[in-house]
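Residue numbers (my numbering), protein chains in the order written: chain G, 137 to 281; chain Y, 137 to 281; chain D, 137 to 281.
Bear in mind the hints are in silico, worked out from the structure with no lab data behind them.
This one's a predicted model, so the numbers in the text were calculated from it and none came from an experiment.
Among the clues, some could well be false.
Label-pair ranges, simulated between beta-carbon atoms [said to hold, decoys possible]:
hint: 1; chain 1: G; residue 1: Ile-259; chain 2: Y; residue 2: Met-194; range: 27 to 35 Å
hint: 2; chain 1: G; residue 1: Leu-220; chain 2: Y; residue 2: Ser-251; range: 50 to 58 Å
hint: 3; chain 1: D; residue 1: Ser-193; chain 2: G; residue 2: Asp-210; range: 29 to 37 Å
hint: 4; chain 1: Y; residue 1: Glu-172; chain 2: D; residue 2: Pro-208; range: 36 to 44 Å
hint: 5; chain 1: Y; residue 1: Met-200; chain 2: G; residue 2: Glu-172; range: 32 to 40 Å
hint: 6; chain 1: D; residue 1: Met-137; chain 2: Y; residue 2: Ala-150; range: 38 to 46 Å
hint: 7; chain 1: D; residue 1: Leu-217; chain 2: G; residue 2: Lys-147; range: 50 to 58 Å
hint: 8; chain 1: Y; residue 1: Leu-220; chain 2: G; residue 2: Gln-222; range: 42 to 50 Å
hint: 9; chain 1: Y; residue 1: His-205; chain 2: G; residue 2: Asp-210; range: 13 to 21 Å
hint: 10; chain 1: G; residue 1: Ser-214; chain 2: D; residue 2: Asn-167; range: 30 to 38 Å
hint: 11; chain 1: Y; residue 1: Ser-214; chain 2: D; residue 2: Lys-253; range: 39 to 47 Å
hint: 12; chain 1: Y; residue 1: His-205; chain 2: G; residue 2: Glu-166; range: 40 to 48 Å
hint: 13; chain 1: Y; residue 1: Thr-149; chain 2: D; residue 2: His-205; range: 31 to 39 Å
hint: 14; chain 1: D; residue 1: Asn-167; chain 2: Y; residue 2: Ser-251; range: 44 to 52 Å
SDA-like cross-link-like pairs, simulated, lysine to any residue; straight-line CA separation at most 25 Å [to be verified]:
hint: 15; chain 1: G; residue 1: Lys-253; chain 2: G; residue 2: Thr-158
hint: 16; chain 1: G; residue 1: Lys-141; chain 2: G; residue 2: Ile-276
hint: 17; chain 1: Y; residue 1: Lys-138; chain 2: D; residue 2: Tyr-140
hint: 18; chain 1: G; residue 1: Lys-141; chain 2: D; residue 2: Ser-251
hint: 19; chain 1: Y; residue 1: Lys-253; chain 2: Y; residue 2: Arg-171
hint: 20; chain 1: Y; residue 1: Lys-138; chain 2: D; residue 2: Asn-167
hint: 21; chain 1: Y; residue 1: Lys-138; chain 2: D; residue 2: Lys-221
hint: 22; chain 1: Y; residue 1: Lys-141; chain 2: G; residue 2: Gln-260
hint: 23; chain 1: G; residue 1: Lys-138; chain 2: Y; residue 2: Glu-166
hint: 24; chain 1: Y; residue 1: Lys-147; chain 2: G; residue 2: Gln-260
hint: 25; chain 1: D; residue 1: Lys-221; chain 2: Y; residue 2: Gln-260
hint: 26; chain 1: D; residue 1: Lys-253; chain 2: Y; residue 2: Met-137
hint: 27; chain 1: D; residue 1: Lys-253; chain 2: G; residue 2: Asn-167
hint: 28; chain 1: D; residue 1: Lys-138; chain 2: Y; residue 2: Met-255
hint: 29; chain 1: D; residue 1: Lys-141; chain 2: G; residue 2: Ile-139
hint: 30; chain 1: G; residue 1: Lys-138; chain 2: Y; residue 2: Tyr-140
hint: 31; chain 1: G; residue 1: Lys-143; chain 2: D; residue 2: Lys-221
hint: 32; chain 1: Y; residue 1: Lys-143; chain 2: G; residue 2: Ser-251
hint: 33; chain 1: D; residue 1: Lys-138; chain 2: Y; residue 2: Tyr-140
hint: 34; chain 1: Y; residue 1: Lys-138; chain 2: G; residue 2: Gly-169
hint: 35; chain 1: Y; residue 1: Lys-221; chain 2: G; residue 2: Met-200
C-beta atoms are modelled at their ideal positions from N, C-alpha and C, and glycine is treated no differently.
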Amino acid sequence: MKIYKEKITFKSTAQVEFIDITDEVQQVVENSGIREGGVCVFLQHTTMGIIINHNESMLLQDFMRVLYHFAPIDERYSHDLFELKQTNKSDGRSNGHSHCKAMLLGTSVSIPIESGKIMLSDIQSILAVEFDGSRERDAIVHVTG
Amino acid sequence: MKIYKEKITFKSTAQVEFIDITDEVQQVVENSGIREGGVCVFLQHTTMGIIINHNESMLLQDFMRVLYHFAPIDERYSHDLFELKQTNKSDGRSNGHSHCKAMLLGTSVSIPIESGKIMLSDIQSILAVEFDGSRERDAIVHVTG
Amino acid sequence: MKIYKEKITFKSTAQVEFIDITDEVQQVVENSGIREGGVCVFLQHTTMGIIINHNESMLLQDFMRVLYHFAPIDERYSHDLFELKQTNKSDGRSNGHSHCKAMLLGTSVSIPIESGKIMLSDIQSILAVEFDGSRERDAIVHVTG
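This is chain G alone, in the form it adopts within the complex (with noise of 0.2 Å):
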């Protein structure tokens, strides 16, 4: 049984946006020499999400839809208040909504190795979901098998 731990980057290039990882992710798993085991993929955000799903830019756009209607970004959220006041940040931009979705979505996903490829359908993507980019980005791929 052996661990294998690599932290692979990205960047947003808008405030909300999918970000595919699944390469980067299999790159992982390849890179450890582990053949039959298991991923978990961690994010170490707040304003972040991961999901695993078709990456189909019009699909994407429907549950960015969805997930407006859950946490608007034009409502108010006390955070913003702590936020501003935190960082005398004059921008006004709030992020209370990017939390919210966030917590929505989770941290992690963990996906099962079989002979050194995870266990995806051709149709699934491992996604990084950007709630309050643009920004670097990172997650911890933690192999084990």
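Mind docking chains Y and D on chain G? Use the hints.
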């Protein structure tokens, strides 16, 4: 330390349905011979989710109603245009909402194992949640210990 | 490779409450003696969820409001009739909404461990989210490494 993996199959009989796979998962744990460790149940699907809660039919109806408000079946999903183009389907059936609900619930659950039993309380069940049935489905049950 | 498991207990003091269990989880990791690996925190409850995010009280109020819209406490839940019948409760307290919110958040979180520390960023906390308190609760902390 040992790894054991088995695919379980089941069938949904309605478009939207909760399928209790607790016994099947427990059976795989028994097949594995692993007494102490953990199990991850992973779905290779994009219009099905997985949760753990009380398998009580009225509660599950409540949850379906709540999910309906989150992603109504009768709203317009751009993804449905994509599907139409890809498949030339003329049944006009929408599954944009199915993907959205699946993304919300996630593709896996993880449960510790003690003395060969998955550590669920008496009122917890593992429920695969179909959002685009009816059809044949499966889940990968990955046991480590 | 080693497996270590411990149950932590805590108390909710309100019907709806976020309970920070980060220190307790870290303590179990220390008790385990495991320096490299991963931890899974699992709830054996159906009206409590678990998330990782910023433990900032105004943010948590925001999130509770958002969850309220998702599953309002003052709507009718069929499950409440079931509960009434089972228990002959006359307090009329609804917990259908509690189950729905719990299903949304999930029953476990998984986090990598490095040099004996759970790999959370400075503003990440592990939060058990009570939706049907107040009462005694517990969580299984399962460490592998």
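Right, here's what the structure says about each hint:
no. : hint                               : verdict
1   : G:Ile-259 to Y:Met-194: 27 to 35 Å : holds (34 Å)
2   : G:Leu-220 to Y:Ser-251: 50 to 58 Å : holds (53 Å)
3   : D:Ser-193 to G:Asp-210: 29 to 37 Å : violated (23 Å)
4   : Y:Glu-172 to D:Pro-208: 36 to 44 Å : holds (42 Å)
5   : Y:Met-200 to G:Glu-172: 32 to 40 Å : holds (37 Å)
6   : D:Met-137 to Y:Ala-150: 38 to 46 Å : holds (43 Å)
7   : D:Leu-217 to G:Lys-147: 50 to 58 Å : holds (51 Å)
8   : Y:Leu-220 to G:Gln-222: 42 to 50 Å : holds (48 Å)
9   : Y:His-205 to G:Asp-210: 13 to 21 Å : holds (19 Å)
10  : G:Ser-214 to D:Asn-167: 30 to 38 Å : holds (37 Å)
11  : Y:Ser-214 to D:Lys-253: 39 to 47 Å : holds (43 Å)
12  : Y:His-205 to G:Glu-166: 40 to 48 Å : holds (43 Å)
13  : Y:Thr-149 to D:His-205: 31 to 39 Å : holds (32 Å)
14  : D:Asn-167 to Y:Ser-251: 44 to 52 Å : violated (21 Å)
15  : G:Lys-253 to G:Thr-158             : holds (11 Å)
16  : G:Lys-141 to G:Ile-276             : holds (7 Å)
17  : Y:Lys-138 to D:Tyr-140             : holds (15 Å)
18  : G:Lys-141 to D:Ser-251             : holds (12 Å)
19  : Y:Lys-253 to Y:Arg-171             : holds (7 Å)
20  : Y:Lys-138 to D:Asn-167             : holds (23 Å)
21  : Y:Lys-138 to D:Lys-221             : violated (45 Å)
22  : Y:Lys-141 to G:Gln-260             : holds (20 Å)
23  : G:Lys-138 to Y:Glu-166             : holds (24 Å)
24  : Y:Lys-147 to G:Gln-260             : holds (21 Å)
25  : D:Lys-221 to Y:Gln-260             : holds (19 Å)
26  : D:Lys-253 to Y:Met-137             : holds (22 Å)
27  : D:Lys-253 to G:Asn-167             : holds (24 Å)
28  : D:Lys-138 to Y:Met-255             : holds (19 Å)
29  : D:Lys-141 to G:Ile-139             : holds (19 Å)
30  : G:Lys-138 to Y:Tyr-140             : holds (15 Å)
31  : G:Lys-143 to D:Lys-221             : violated (52 Å)
32  : Y:Lys-143 to G:Ser-251             : holds (15 Å)
33  : D:Lys-138 to Y:Tyr-140             : holds (17 Å)
34  : Y:Lys-138 to G:Gly-169             : holds (17 Å)
35  : Y:Lys-221 to G:Met-200             : holds (22 Å)
The earlier numbered hints that this structure contradicts are 3, 14, 21 and 31.
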